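All chains should be modelled from the sequences, with the hints used to inform the complete structure.
Protein chains in written order, with this note's numbering: chain A, 1270 to 1479; chain B, 50 to 379.
Keep in mind that the hints were calculated from the coordinates and are not lab data.
Worth double-checking, as some hints may not be accurate.
Reference listing, derived: stretches of chain B covered by chain A, where coverage requires no fewer than 3 residues with Cβ under 8 angstroms from a Cβ of chain A [said to hold, decoys possible]: (1) 80-88; (2) 342-351.
One-sided excerpt, in silico: chain B residues whose CB lies under 10 angstroms from chain A [stated by the list, open to error]: (3) Leu91; (4) Gly92; (5) Val94; (6) Pro267; (7) Phe338; (8) Val361.
Owing to the predicted nature of the structure, the values given are computational and were not obtained by experimental measurement.
Glycine included, each C-beta is placed from N, C-alpha and C at the ideal position.
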Amino acid sequence: MGTHIEEKEITQTVESDGYITVHDGKYPDTGWKEFKQVMSRTLKTELFGGLKITFNNMIDALFKNQMHTIRYPIEKLPISPRYRAVHKILGLLESGNNRCIGCGLCEKICIANCIRMDTKIDENSRKEVSEYTINLGRCIFCGYCAEVCPELAIVHGGRYENASEQRAHFVLKDDLLTPLDFLKDQKEYPGFGAPSDDADDKIQKTPLAY
Amino acid sequence: MDPIYFLETIVKILVVLLVFSALAGFTTYFERKVLAFMQRRLGPVHVGPAGLLQVLCDGIKLFTKEDFVPQNANKPIFMIAPVITAATAFIAMSAIPFLPEFTIGNHTVTPIISDVNVGLLFVLGVMATGLYGPLLAGMASGNKWALLGGARTAIQLLSYEIVTGLSILAPLMLIGSLSLIDINNYQTGGLTDWLIWTQPVAFILFLIAGFAETNRTPFDLLEHEAEIIAGYATEYSGMRWGMFFIGEYANLFTISFLAAIIFLGGFNDLWFIPGGIAIILKVMLLIFFFLWTRASWPHVRPDQLMWLCWKVLMPIAVINIIVTGVVIML
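This is the structure we're talking about:
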């Protein structure tokens, strides 16, 4: 199929009123030629070619494991390792310390103003990050924080399922950035999209009746 | 009137109504699955095993939807139009023998509601009357898309009806009866007696006209969503829309049964297959063919349908009749 499409001789003439008429030389101009065209199209059995394609598609999908559908929450497509989704703060593999040195560059460069950090001097006189939050409700995933980080501590990870019903979830500080042990002395930062003071009261279970 | 006969007819009517209403729903499931597989999708999978209960969900949705009548619609006609489609689709089935005779106890049941001697004429006539449904719906909706759909209904009716009639005229000349039971009994001699071998042209013409009659894909101009939204059904919602749908699928079964009885040997036994199962297999095959073409073939324009029916199919049908007549005479 497809090889019998002939090259058409297309010529153009400019009419007196400025319109360009395109002449397609292959259109049948007599009744007999029209009849021949109809007959050849009918007897080429191209319709059955179409039936064959869809039938083969069905066989491939059913028996040769070529179904295109990804049943999303159950199955997931692999994403590129360079995918830039929700941030991760990396640790130093050798010592287990946080890689972040608390320089605050990411906080400074963040154009959506969604990163906040607190630092203190720890018992070894090292600067230590005590709080680190990214308000994902405001984050535009520009990637400046990861780009500016001198220690490659903050990076974008592959976690892309961050839709939620409640704004409080978008901060995600607990399960992403701050270690769980420090949750209890975590301080909230006010601002648009941040959880309010009474967020704990307002938070509710996901309604089941959808 | 014989009370047993009366009761039997009532039961038959109920069975036909219930079975084909359910089958219409199930065919929508089957259609979605087949179309999905042919496009390498899964189709409905979430409700019930393999998505089987999707039909039930669709039914609940249709029943609970608001029955909406537009402000400028002609209310009585708008409300009665879907009933015409559904009712005529089921009335047409009253003259179709669905299965061979069988006996319960010592009572012989003929699975045909009424064996009228002009059965085929009756079926085709009532099916053609069913086109009043889309026509009136389109004209009463007070909607321009619906009006276009109604106009296309008229075009379609004028185009295919002549082909249907002329195409089955040739086999009828051979058989000499309009009763579908006689037509079936004409082909009792197994595979070689099927009328498709002596009347292949008529079979193809009848199938093409059947596609047009049931508004199936190559000819579904009435509700061609790319051009006129949903055509005559644009303003319909809920169960009124559902009745159009049931009627359409019931017509699909009617045409498939007709094709199976007239051309494919009906409910005669085929090799080792008993007749009842044979006709069901044939009808299922034809239905699959209807769905298959829906997945494969493009739509035609209304003018192309008229051109096809009047300038191509009708002359072929007439030639077929003449050739058949000459052969019978010789």
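Hints, one by one, checked against the model:
1. 80-88: holds (count 4)
2. 342-351: Our answer is that it holds, as 4 residues pass the Cβ test (under 8 angstroms) against chain A, meeting three.
3. Leu91: 4 angstroms, holds
4. Gly92: Where the cut-off is 10 angstroms and the nearest Cβ of chain A is about 9 angstroms from glycine 92/B, the hint holds.
5. Val94: At about 7 angstroms, which falls below the 10 angstroms cut-off, the nearest Cβ of chain A leaves the hint on valine 94/B intact, so it holds.
6. Pro267: 9 angstroms, holds
7. Phe338: 9 angstroms, holds
8. Val361: The hint holds - valine 361/B has a Cβ within 10 angstroms of chain A, the shortest such distance being about 8 angstroms.
The structure is consistent with each of the numbered hints, conforming to all of them.
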